[in-house]
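**Q** Residue strings, one per chain:
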Amino acid sequence: MRNVFRLADRAAPIEDVPDPLRVRLPLGGARLLVRVGDAVAAGQRVAESPGLRGDVHASIGGVAAAVDGDFLTISRDPDAAPAPERLGEVAGADADALRRGLAAMGVPCADLTDADLLVVNALEPEPGVTALGALCRFESPAMLAGARLAQRIAEPSRIVLAAPRGAGLSLGPNPVHELEPRYPDGLDALTVRAVTGRERPGNAVVVGADRLWLMGRAALEGRAATRAVLTVRGRNLRVAVGASVRHVLDFAGLAAHEGDRVLLGGALRGEAVWDLDAPVPRGAYALTVLPRAAGAVYTDAACMNCGECHLICPARILVGIMARFAEFGRFEGAQRYGLDSCLECGLCAWVCPARRPLLQFIRLARRELARAAEAQPPAASMETPGDAPVEAPGAAPEARREVPA
Amino acid sequence: MIPLKLTASCPPHVLSGRTVRGLMIETLLALCPAAAMAVWHYGLPALRVMALCAGAAVCAEWAVERLSGRPVRVDDGSALLLGLLTAFLLPATAPWWLALAAAFIAVLLGRELFGGLGGNPLCPPLLGWAICMLSWRGLMKPEFAVLHTELVSPLSELKYQGLAVADRFPALDLLLGQQLSGLGAAQAGALLLGGLWLVLRGRLRPHIPFGFLAGTALMALVLQLLRPGVSAGPLFHLLAGGTVFAAFFLATDPASSPVTRRGMAAYGLFAGAMSVVIRTFGVWIDGAFFAVLLAGLATPMFDRLRPRVFPAPGRG
Ligand code: SF4
Ligand code: SF4
Chain A
0 MRNVFRLADR AAPIEDVPDP LRVRLPLGGA RLLVRVGDAV AAGQRVAESP GLRGDVHASI
60 GGVAAAVDGD FLTISRDPDA APAPERLGEV AGADADALRR GLAAMGVPCA DLTDADLLVV
120 NALEPEPGVT ALGALCRFES PAMLAGARLA QRIAEPSRIV LAAPRGAGLS LGPNPVHELE
180 PRYPDGLDAL TVRAVTGRER PGNAVVVGAD RLWLMGRAAL EGRAATRAVL TVRGRNLRVA
240 VGASVRHVLD FAGLAAHEGD RVLLGGALRG EAVWDLDAPV PRGAYALTVL PRAAGAVYTD
300 AACMNCGECH LICPARILVG IMARFAEFGR FEGAQRYGLD SCLECGLCAW VCPARRPLLQ
360 FIRLARRELA RAAEAQPPAA SMETPGDAPV EAPGAAPEAR REVPA
Chain B
0 MIPLKLTASC PPHVLSGRTV RGLMIETLLA LCPAAAMAVW HYGLPALRVM ALCAGAAVCA
60 EWAVERLSGR PVRVDDGSAL LLGLLTAFLL PATAPWWLAL AAAFIAVLLG RELFGGLGGN
120 PLCPPLLGWA ICMLSWRGLM KPEFAVLHTE LVSPLSELKY QGLAVADRFP ALDLLLGQQL
180 SGLGAAQAGA LLLGGLWLVL RGRLRPHIPF GFLAGTALMA LVLQLLRPGV SAGPLFHLLA
240 GGTVFAAFFL ATDPASSPVT RRGMAAYGLF AGAMSVVIRT FGVWIDGAFF AVLLAGLATP
300 MFDRLRPRVF PAPGRG
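Quick mapping for you: the protein sequence lines, in order, are chains A and B.
For the first sequence, numbering that gives the first Met the number 0 assigns the number 0 to the initial residue and increments by one for each residue that follows.
For the second sequence, numbering that gives the first Met the number 0 assigns the number 0 to the initial residue and increments by one for each residue that follows.
Note that these hints are calculated values from the structure, not bench results.
Just so it is clear, the structure is predicted and the values come from calculations on it, not from any experiment.
Think of the CB as a built atom: it goes at the ideal place given N, C-alpha and C, for glycine as much as any other residue.
Wrong hints could be hidden among the right ones.
Computed footprint of chain B on chain A, listed as stretches where at least three residues anywhere in the stretch have a Cβ under 8 angstroms from a Cβ of chain B [claimed, not checked]:
#1 196-207
#2 255-265
Over the 10 angstroms line for every Cβ pair with chain A, so calculated as not near, a few chain B residues [what the hints assert, rightly or not]:
#3 68
#4 74
#5 138
#6 166
#7 216
#8 234
#9 280
#10 283
#11 306
The calculated label-pair distances, taken between Cβ atoms and stated as ranges, are [what the hints assert, rightly or not]:
#12 B:2 x A:99: 40 to 48 angstroms
#13 B:71 x A:74: 52 to 60 angstroms
#14 A:164 x B:200: 24 to 32 angstroms
Okay, chain A solo, but in the shape it has when bound (with noise of 0.2 angstroms):
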């Protein structure tokens, strides 16, 4: 048991996939800026999306061939001479610029505000992940960069690399905290813990190294989020974002067979799809192939009390508790006890005799309260529950290392 959440302290290095022929972008709520038949340059802003969320580019070059649902599709000629990739560049006077700088180059920052600390997080989001640290070890001028951006950004009086023990880890000057790799630890809200002592200080961001990457690219080479780095199976690929999990399991020349599981992520916290030509979406950080033996089965048992899932669970929540009232649709009574603290890591229902789906309970409470609250507050909208937006196939949320509140 103790083995099996060990965390990566050392990475393979990064290795490019040649780009595909077709991406499916995913938009997240983003507003469109081309049309079906445009042509379109690699690197070229395609969808703006709201807030500080991250615009959206495109990773190829090519003609904006459809759109589906919450995604776009560019396809490209594979005889036409691929045009150059479009650079842009953050700029800006004031924190506020550049953050809107950075959301248009793709890299969501709305949490980057200002603060004391800034922790740069590259302890592995999981076991078997080692793409954080292919980033910090083999792409230090863009992390330093990233860095520096940052530095511009959140102004902290420090920024801290909390890295694996051992792992020999480092940010140019920064100082490093060296944690214990050990899962669920690299959850950024364990890891800032980790670093100040204190639970969800209000003074301190975290960045993942994901995510400083994408930044010291954007500021130093003027590149757009277009691609993500996945660790696949010991193997660390930079893919083009919206290629599909099919082109990168190829490249790597894994199979998926009937029954198995396709993740999005690792075993413990990855997104199944159930489709092999789902996308590989922004800020992804490992694609898992799970044999069909090796899956859980989950059941649907009544819980038998035993409190394994409370004396597991990183945020001490009475796990069975909470799971019952969201299973019986009493998702208030889940808030009382703790729904909102879940870090989403998974080890209830991995340690549940009864193998209960408990993070699927909770998942399920999140999801109704977040319903009840948008449908409560504006009684002019005349939407019908009918367009309630719904998740469009293979669909991976975005921030896949903290849970957005």
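Fit chain B with the ligands to the given chain A structure using the hints.
**A** Relative to chain A, chain B with the ligands alone:
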């Protein structure tokens, strides 16, 4: 092309491999040394009571699950364990109908009435034991079996003959089960072995059993200091009667015990202390069992001793 059917589910996609069944099997294994010691001391009658109780419990559970239309999960071993634990509380001389009655009550009233595994507010074997104790006291009390064996109950010796007599029980004899109590409950040494094995395997959290033992020892010490020459010492109370059994196998019943670390420790301490208090001042000989029932009633209170949850992310 035929689309490939992938499995989609909520994370986590791998599980620890712990199952209810595995837990029950390991607990049953931990009880094996004590069961063997019981047969060694009491012979076939002990085996008979264990078989009757276990069989009755499994049949009752299966029947209830069938009749109530719930999924039949009797193969998870929890009913078997429940039956065996009930048998451990009975004297080896219990008539067949008493063994069946105790097991049926434990399963039906103790557990199924509350929805089955995990729903029971009290430790089911103890409920079966307590109801039988109140109904057929003469047959239930191990002390009344003295005609069939030369073993004596250290706790009733203490109660009726005083400390001088009780002091004549060497600790080793008590550990080896040279005492009269429930047929399995008396096997202090074997149970300690099994219980420690479960703790070392990580199948049993140490808070409740060690809290229980600490509570017993502390309360015995306090009473000994307050009433020198009358009350027995900690070692006696730890090894006599069903203390070890209650600490490792009854008080730890998952459903009726608290789940937080502090709650478990407080519950264990409370139950352990109460068992000495009941032994000393109550009318019942072995207070350990009633103490567990009492602590079970207070479980909702102990569960309030819970840590503050991790702060939720700020809204904004
Ligand atoms: S997923 Fe489960 S164990 Fe993890 S924080 Fe949430 S409730 Fe706790
Ligand atoms: S681990 Fe599972 S069975 Fe145990 S208390 Fe939690 S939900 Fe219930």
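**Q** Now look at each hint and say whether the structure bears it out.
**A** Quick rundown of the hints versus the structure:
1. 196-207: Since three or more residues must qualify, the claim that chain B covers the region 196-207 of chain A holds, with 3 doing so at under 8 angstroms.
2. 255-265: Result for this restraint: holds, n = 9.
3. 68: Given a closest Cβ separation of 14 angstroms, the condition holds.
4. 74: holds (13 angstroms)
5. 138: holds (33 angstroms)
6. 166: holds (40 angstroms)
7. 216: holds (25 angstroms)
8. 234: holds (31 angstroms)
9. 280: holds (32 angstroms)
10. 283: holds (28 angstroms)
11. 306: violated (5 angstroms)
12. B:2 x A:99: 40 to 48 angstroms: holds (42 angstroms)
13. B:71 x A:74: 52 to 60 angstroms: This hint holds: roughly 55 angstroms between Cβ atoms.
14. A:164 x B:200: 24 to 32 angstroms: Hint holds: Cβ distance 29 angstroms, inside 24 to 32 angstroms.
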